[in-house]
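A.B. asks: Protein sequence lines correspond, in order, to chains G and W.
Using our numbering, the first residue of the first sequence is number 1, and each one after it goes up by one.
Using our numbering, the first residue of the second sequence is number 1, and each one after it goes up by one.
Hint data in this document are derived by calculation from the structure and do not stem from the laboratory.
Do not rely on the hints blindly, as some may be mistaken.
Any copy, or any two copies together, can satisfy a pair, since identical chains are not distinguished.
[Said to hold, decoys possible] In the DSSO-like style, the derived pairs of lysine-lysine whose C-alpha atoms are separated by at most 27 Å in a straight line are:
{"id": "1", "residue 1": "K53", "residue 2": "K70"}
{"id": "2", "residue 1": "K69", "residue 2": "K83"}
{"id": "3", "residue 1": "K99", "residue 2": "K69"}
{"id": "4", "residue 1": "K64", "residue 2": "K83"}
{"id": "5", "residue 1": "K99", "residue 2": "K53"}
{"id": "6", "residue 1": "K83", "residue 2": "K53"}
{"id": "7", "residue 1": "K64", "residue 2": "K53"}
{"id": "8", "residue 1": "K99", "residue 2": "K83"}
The lines below spell out each chain.
Number of protein chains: 2
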Amino acid sequence: MNLSTIRELDPIIHAPIRLAILSVLMASDGATFGFLRDAIETSDGNLSTHLTKLEVAGYVTINKSFVGKKPQTICAITELGRKSYLNYFNRLEEIVQNKGANTPI
Amino acid sequence: MNLSTIRELDPIIHAPIRLAILSVLMASDGATFGFLRDAIETSDGNLSTHLTKLEVAGYVTINKSFVGKKPQTICAITELGRKSYLNYFNRLEEIVQNKGANTPI
Chain G
1 MNLSTIRELD PIIHAPIRLA ILSVLMASDG ATFGFLRDAI ETSDGNLSTH
51 LTKLEVAGYV TINKSFVGKK PQTICAITEL GRKSYLNYFN RLEEIVQNKG
101 ANTPI
Chain W
1 MNLSTIRELD PIIHAPIRLA ILSVLMASDG ATFGFLRDAI ETSDGNLSTH
51 LTKLEVAGYV TINKSFVGKK PQTICAITEL GRKSYLNYFN RLEEIVQNKG
101 ANTPI
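All chains should be modelled from the sequences, with the hints used to inform the complete structure.
C.D. replies: Set out below in structure tokens:
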């Protein structure tokens, strides 16, 4: 097991809820706030907190607009977000693959 | 991507430093505090904090004794710790394997 690979896992992505958010966004050109909240099964407040962290890191964009008189929030993953997500998964894959080498079981 | 698999990742193990500690302990019958600290490249205080969390969860045992006049702390992974670690890795493997199914890249 390469311990430094574990320690270098991107902390922005490593939190399960943010990993879930990015996983949904990776598969789409953009998702509404409501769609994300329901897909991830979390509260408005919790989703909002983690989306802000992802936005500050430059991994997602959050665009607010109106559809008629109804406000709509569209979240999308950025190019940096996509790259960081794939990079994170490459490390995760390495960790998973190397597991056997270090364990007697 | 199965989002519930992501959300169900054991939070005790998911923290990178605790994952690193357990990875070292999985490969041994027991390690001294100093060995662990050097392998993981962390401080005494930080290692101590996370070992306590693992001990409270029942994943490791921490035994203090004396070798001559020198105090020695031996840390070892428990059966529950081993099972939980392998379970965690099974979920991680599932997440890594399912990545492709959900991403257009």
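A.B. asks: Run every hint past the structure and note whether it holds.
C.D. replies: Now the hints, each set against the structure:
1. K53 with K70: The answer is within: 25 Å in one copy meets 27 Å, while 47 Å across copies does not.
2. K69 with K83: neither (36 Å within a copy, 54 Å between copies)
3. K99 with K69: For K99 and K69, the Cα distance exceeds 27 Å both inside one copy (53 Å) and across copies (37 Å).
4. K64 with K83: Within one copy only: 24 Å inside a chain, 46 Å across chains, cut-off 27 Å.
5. K99 with K53: between (31 Å within a copy, 22 Å between copies)
6. K83 with K53: Classified as within; 17 Å inside a copy, 33 Å across copies.
7. K64 with K53: Intra 17 Å, inter 41 Å, cutoff 27 Å: intra-copy only.
8. K99 with K83: both (25 Å within a copy, 14 Å between copies)
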